[in-house]
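Asker: One-letter residues, chain by chain:
There are 2 protein chains.
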Amino acid sequence: MNFCSQCGAPVDLAVPPGDNVPRHVCRRCGTIHYQNPRMVIGCIAEWEGRILLCRRAIEPRLGLWTLPAGFMENNETTAQAAARETLEEACAEVEIDRLFALVNVPHIHQVHLFYTARLIGGRFGAGAESLESRLFAEAEIPWQEMAFRSVSFALRAWLDDRRRGVFGLHTTDLAPPPPTPPG
Amino acid sequence: MNFCSQCGAPVDLAVPPGDNVPRHVCRRCGTIHYQNPRMVIGCIAEWEGRILLCRRAIEPRLGLWTLPAGFMENNETTAQAAARETLEEACAEVEIDRLFALVNVPHIHQVHLFYTARLIGGRFGAGAESLESRLFAEAEIPWQEMAFRSVSFALRAWLDDRRRGVFGLHTTDLAPPPPTPPG
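Quick note, the sequences are listed as chains A and B, same order.
Counting along the first sequence from 1, when you hit position 78 you're at 78 in full-length UniProt numbering, and nothing is skipped either side.
Counting along the second sequence from 1, when you hit position 24 you're at 24 in full-length UniProt numbering, and nothing is skipped either side.
What the hints contain is simulated information worked out from the structure, not anything from laboratory work.
Just so you know, not all the hints are guaranteed correct.
If you only want the chain B side, here are some residues facing chain A, beta carbon under 8 Å, derived [unchecked claim]:
1. Phe3
2. Gln6
3. Gly18
4. Asp19
5. Val21
6. Gln35
7. Pro37
8. Glu59
9. Met72
10. Asn74
11. Thr77
12. Leu102
13. Pro106
14. Phe167
15. Thr171
None of the values given here were measured: they were computed from a predicted structure.
For each residue, glycine too, the CB sits at the ideal point set by N, CA and C.
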């Protein structure tokens, strides 16, 4: 952030009075521009014992598999965000069940939520951000080609809970991944 | 939003290609400025059967009672946000237990999370944004002077669960409140 979105003047990084975190503060109008984590919301949509995954057509992680998920928008609820993202990315209508996983990813300022859901009518396709969508039985899940650690976490927890016959709420915090070795 | 925070040029409201929601788009550099819901996170801190509430020293709802809670910051987890807000508003250290309530407030672009927690050592005070803090037994809770509906929801659910002896995860969606009658 370089300029004030209210008045267009340059902003400085400064700790406002009574605060203890540096914020972008407008030199002219004094507006304090807070920055807050964003929510990424998706769902674990089941159909006849199989799970719906999408292969990403966009960066990051182009070509890898993910649960349908994306940034929550203003004016919607968390469950509506999960259903909307599934419709957009997998052309699939779902009946949202309940909140299943919350994953903190603090180093990228995100909180990921995953809902359990049931695919309606077994119908799905590939939205603009997906190369393809597919239903996977447990043994078919491409663990080595998963796009995001939060998705692998939620999926493993779901499979474990299905085995036990009891679905809970699962939470975890992700640290930054180790650096990729050069070459 | 009137100006681009990247380059300082005016922004227009327009639906970007492939999108279906109007966004603030910079006339000069083309940056799309997404706006997303913010998380408000707090906790239900218990001590010897009583619950810690704070009386607000700031607007909105100055003078009314609330659970310690506030906007989640970048670079922290949801549980850390709950503990930090409790320290800031009630000068109280807590041991965070688990996620207890998720309340959508879509008309103000917020998602409220409340954690169950245990007050450490029974110590608390009044932070800069609180007039006072106090421990309340169930019969003493000032329901008519509660600052926010999400707080009342979480508190009632907690008291119900304590009565049943089982703590679950509680979710609800709040609609805009009815308009205040004139005069």
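Asker: All the hints need checking, so say for each whether the structure fits it.
Answerer: Now for the hints, and whether the structure bears them out:
1. Phe3: Holds. Min distance 4 Å.
2. Gln6: holds, 6 Å
3. Gly18: holds, 6 Å
4. Asp19: violated, 10 Å
5. Val21: holds, 7 Å
6. Gln35: Since the shortest Cβ distance to chain A is 6 Å, the answer is holds.
7. Pro37: With Cβ-Cβ at 5 Å, under 8 Å, it holds.
8. Glu59: Since chain A brings no Cβ nearer than about 15 Å to B:Glu59, farther than 8 Å, the hint is violated.
9. Met72: holds, 5 Å
10. Asn74: holds, 4 Å
11. Thr77: holds, 4 Å
12. Leu102: holds, 6 Å
13. Pro106: Given a least distance of 5 Å, the restraint on B:Pro106 holds.
14. Phe167: violated, 11 Å
15. Thr171: holds, 6 Å
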